[in-house]
Structures are given as structure tokens and as C-alpha cells.
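As they're listed, the protein sequences go chains E and R.
The letter at position 163 of the first sequence is residue 163 when you use our numbering, and the numbering goes up by one with no holes.
The letter at position 197 of the second sequence is residue 197 when you use our numbering, and the numbering goes up by one with no holes.
Derived from the structure by calculation, the hints contain no laboratory data.
Possibly wrong hints are sitting among the right ones.
Stated by the list, open to error - Here are the simulated BS3-like pairs of lysine-lysine, each with C-alpha atoms no more than 27 Å apart in a straight line: (1) R:Lys4 x E:Lys201; (2) R:Lys228 x E:Lys84; (3) E:Lys34 x R:Lys226.
As the structure is a prediction and not an experimental result, all values here were calculated from the model.
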Amino acid sequence: MPLFYEKKQLVAPGDLLAEGDYLSGDSTYKENEKIYACRLGLVDYDGKRVHVVALKAFYIPVPGDVVIGKVIEATPGGWVIDIKAPHLARLRASDVVERGFKPETTDLPSIFDVGDLIITKVIAYDRTRDPQLTVREPGLGKIMRGQLVEVTPTKIPRVIGRQGSMVGMIKKETGCQLTIGQNGLILVSGRTVENERIAIKAIRKIEQESHTSGLTDKVTEMIKKEREAIDSK
Amino acid sequence: MVDKKGIRLDGRKVDELRPVKMEVGVLPNADGSSYLEQGRNKILVGVYGPKEAHPRHIAQQDRAVIQCRYHMAPFSVDERKSPAPSRRDVELSKVIREALEPAVFLEYYPRTSIQVYIEILQADGGTRCAGITAAALALADAGIPMRDLVVACAAGKASGKIALDLMDTEDKVGEADVPVAYMPNLDAITLLQMDGNLSTEEFETAVNMAVEGCKKLYEVQKEALKAKYVIEEEKEE
Chain E
1 MPLFYEKKQL VAPGDLLAEG DYLSGDSTYK ENEKIYACRL GLVDYDGKRV HVVALKAFYI
61 PVPGDVVIGK VIEATPGGWV IDIKAPHLAR LRASDVVERG FKPETTDLPS IFDVGDLIIT
121 KVIAYDRTRD PQLTVREPGL GKIMRGQLVE VTPTKIPRVI GRQGSMVGMI KKETGCQLTI
181 GQNGLILVSG RTVENERIAI KAIRKIEQES HTSGLTDKVT EMIKKEREAI DSK
Chain R
1 MVDKKGIRLD GRKVDELRPV KMEVGVLPNA DGSSYLEQGR NKILVGVYGP KEAHPRHIAQ
61 QDRAVIQCRY HMAPFSVDER KSPAPSRRDV ELSKVIREAL EPAVFLEYYP RTSIQVYIEI
121 LQADGGTRCA GITAAALALA DAGIPMRDLV VACAAGKASG KIALDLMDTE DKVGEADVPV
181 AYMPNLDAIT LLQMDGNLST EEFETAVNMA VEGCKKLYEV QKEALKAKYV IEEEKEE
């Protein structure tokens with residue numbers, strides 16, 4: 001049962017990763033007891049499971065994911081939302097309007113208009129149908145203020161960190177509120193533009209250096225330096 | 001075309017490739033992109049998707065579709081080429097699409113389309129092969145799952161000798177041309193064409209020669225794909 005690469009090594013599509021009794025994880029595929037990579041990324045072994053952390057990928061919706069989307073159309077029955085997935089998502093009007101929703105009388109664009117950004121949750125997606133969204137939960141709904149940062153969806157786990165250690169740190173150090181969409185969009189809203197700028201810079205640093213270890217400490221240090229630079233002014 | 005010492009017009013040996021240069025991520029607005037230079041060929045590829053298919057009726061219920069556009073810029077050849085898609089452009093688009101299809105996991109993303117735009121900025125023979133190599137690179141750059149990278153290379157016959165990677169004059173004056181697209185890790189051929197006349201033996205030599213050429217190109221392709229990230233790693237240390 002040989003392994004052909006070391007942990008965290010860079011592989012390209014088609015590279016043979018392992019042979020024998022292993023399980024194929026993310027961004028890999030298995031054929032004739034051999035596991036190959038199917039994306040450019042870093043190999044990782046987790047017991048018997050072989051997977052690749054892709055350096056770039058697109059977002060595939062999973063029910064339960066909180067995502068940030070843009071309204072691109074208001075139809076009589078609801079909205080069409082771009083969540084950066086291969087398919088456009090739908091948000092039903094009956095999900096938003098409390099009760100007595102009538103397509104003839106309710107003015108949908110007054111709730112969400114084309115171009116609005118909203119925080120929503122995926123409730124259903126099974127490849128044969130378009131993703132269904134909901135906003136019926138605390139914390140979901142229209143975005144009123146803040147700045148958006150976009151990262152590759154595969155880097156989101158790194159931005160969150162183990163048990164939320166990374167986001168928790170950024171929130172604490174910058175005093176910003178972070179809403180992370182699993183589709184790679186992150187909403188940063190803080191008290192001042194300066195705070196938001198530091199938080200965005202931290203996220204960008206994580207994105208670029210996601211494959212290095214001890215990143216939380218590096219980012220903490222960076223934020224502290226930035227803060228000092230502002231305070232001394 | 002080939003002199004007594006076996007040296008060709010541009011100073012290459014019969015089994016030698018033209019100098020190649022590949023780069024990925026050159027177009028910030030595309031999901032994936034690549035730039036390739038092979039001899040005097042210059043090719044730019046942009047990949048978009050997977051995303052909702054337009055027009056809707058081309059979407060397939062069980063898999064993604066690849067929409068491929070091979071286009072030669074009007075200034076890519078000596079005599080100005082009409083920018084409108086010619087019969088040749090349409091044919092090459094289809095051939096390139098079919099060469100890429102076996103490598104992509106189309107069944108993972110039903111009802112979507114992946115758009116591949118291949119723009120030939122400068123042509124000097126063997127653009128369909130170079131286009132496939134560059135397109136595979138751009139697909140991988142876009143993060144589209146693939147079984148293997150696809151590499152393509154041609155071999156042909158010029159003044160009675162079998163030679164690798166024919167350039168424009170060799171192709172036009174020569175007797176035959178055999179383009180081959182190949183998946184190196186799976187050892188599978190995805191495109192095989194022949195233009196001209198070759199004996200069975202000559203054909204076999206040409207195919208084997210082209211496959212060897214593909215293997216060399218594959219190394220360059222892999223390096224180009226990884227280069228974008230390796231440099232970043234070095235900077236940090």
C-alpha cells in the first residue's frame with residue numbers, strides 16, 4: 001500500500017497519490033485501486049483517507065451552508081440569487097413574507113431588489129434541482145453595511161481555523177464582525193473603515209499563505225503591527 | 001527540408017520539439033487561463049464555468065457540456081484572416097472539444113456548461129495541438145476536476161523523413177501530419193488525426209514519436225501549473 005507523495009506536497013491533476021486500500025477524499029478519484037488527484041492542490045492523508053486541498057475550486061452548495069449571494073432577478077414567486085455556484089439559487093417569496101403572500105399584491109422588489117446582497121442558508125440541493133435558499137433564521141437577511149472579500153471556497157476552512165480560532169482572533173483583534181459565507185464571500189463590518197481594512201488584509205494574508213503552518217500567530221502579529229501603526233499616527 | 005545531417009529549417013533535429021513556454025492565470029477576469037508559446041505559435045486560453053448553460057437547450061441532464069471556441073486572430077497569419085469563424089475554425093473547435101472531454105469529470109456537474117476560448121494570436125503550424133495543451137492547462141487552473149492533463153503534439157513527414165512537431169512550412173510542403181492528444185498518466189490517446197499519406201510503418205513511428213513529444217511537453221505543463229504557487233512559497237521563507 002504505497003503512498004507516492006508526502007503530506008502537503010503540491011500535486012497536479014492526474015498525479016498518482018496512493019495505491020491499494022485507501023479511500024478517495026476531496027479532489028481525488030479512485031480507479032483500479034489507485035487514487036489520483038483531480039485538481040491542483042496539496043495532498044493530505046487522514047488515516048486511510050487521501051484527499052487534496054485544492055488551491056482553486058468553485059463552490060458546490062451543501063444543505064446547511066450559510067452563503068452570501070447577490071439578487072439578480074425578482075420573479076413573481078421569489079428571487080433568483082447568484083451564490084457563485086454552477087447553478088443559480090432560488091429564494092421563495094413565501095419563505096420571506098410572513099403570511100398572506102399573494103403574488104398579485106406583494107411588492108417583492110421592495111423587500112429584496114436586484115443587486116442587493118443577502119446572507120442566506122442553503123436548504124436543499126441535489127444536482128437535479130437548483131439550490132433552494134432560506135432567510136428564516138437569525139442573522140440571515142439583507143446586508144446593510146460592511147465590505148465584501150472574496151476568497152477561493154476551499155480556503156474557507158483555513159479562514160475559520162480549528163474550532164473557529166482564526167475568525168475568533170480576527171474578530172477580537174480588529175473589533176470587526178465577520179460573516180463567513182461557505183461560497184467564499186466574507187462580509188467584514190467594523191466600527192471604522194480602518195478596522196475593516198486590517199481585517200481584510202488579514203483575510204488576504206490567510207488566503208495567500210494558507211498552506212503554511214503557524215499561520216494564526218503570523219496573522220496576529222501582522223494585525224498588532226498594523227494597529228500600532230494607526231495608534232502612533 | 002531536412003539536410004544530410006538531419007537538421008531542419010529552424011535548426012532542430014528530427015525528434016526535437018520547438019522551444020515552449022507556458023504560463024497560467026494570465027487573465028484575471030476568467031475563471032482559469034493560460035498562455036502558451038511553442039516556437040512562433042502564441043496562444044491565449046480563457047476558461048469559464050461550470051455555470052448555467054446558455055442557450056438553455058444545450059444543457060444535458062446527466063452531465064456538463066464543454067463549449068469550445070478555437071479562433072485565429074486576423075493578424076495571426078501572413079495574409080489577413082477573416083475574423084468570422086471559418087469552416088476550419090468550426091472543425092477544430094469540435095476536434096479540440098472532443099480531445100478535452102474524456103479528461104474532464106463532466107458527470108459531476110449536470111446541467112452546466114464549461115466554456116473554453118482558445119485564441120490564436122500568432123500561428124506557425126500545429127496550433128490545434130498547442131491549443132489543446134493550453135486549454136487543458138487553463139481548465140486545471142480554473143479548478144475543474146480532471147482525470148489527467150491533456151497534452152498534444154504532432155509528428156509528420158517532411159522530405160521523406162519522419163519529424164516531430166512540424167512548423168508551418170514543413171506542414172505545407174511536407175507529405176503528412178499526425179496530430180496526437182494524449183493523457184500521460186492514464187496512457188490514453190484522446191485525439192488522433194492524419195493528414196496526407198503514410199505507410200503503416202511510418203504511421204506507427206510518427207504516433208510513437210508524437211507520444212514521446214507529448215511526454216516532454218507534459219513536464220513543462222506540470223511545471224507551469226505549479227510555478228504560480230511555488231514562487232509564493234519561496235518568498236515567505
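If you draw a straight line from the CA of Lys4 (chain R) to the CA of Lys201 (chain E), is it 27 Å or shorter? Not OK: Lys4 (chain R) and Lys201 (chain E) at ~63 Å, beyond 27 Å, violated.
Satisfaction of hint between Lys226 (chain R) and Lys34 (chain E), Cα-Cα up to 27 Å: Given pair Lys34 (chain E), Lys226 (chain R) holds - Cα atoms ~23 Å apart, limit 27 Å.
With the threshold set at 27 Å, check whether the alpha-carbon distance from Lys228 (chain R) to Lys84 (chain E) stays at or below it. 24 Å, holds
Going down the numbered hints, you'll see the structure goes against just number 1.
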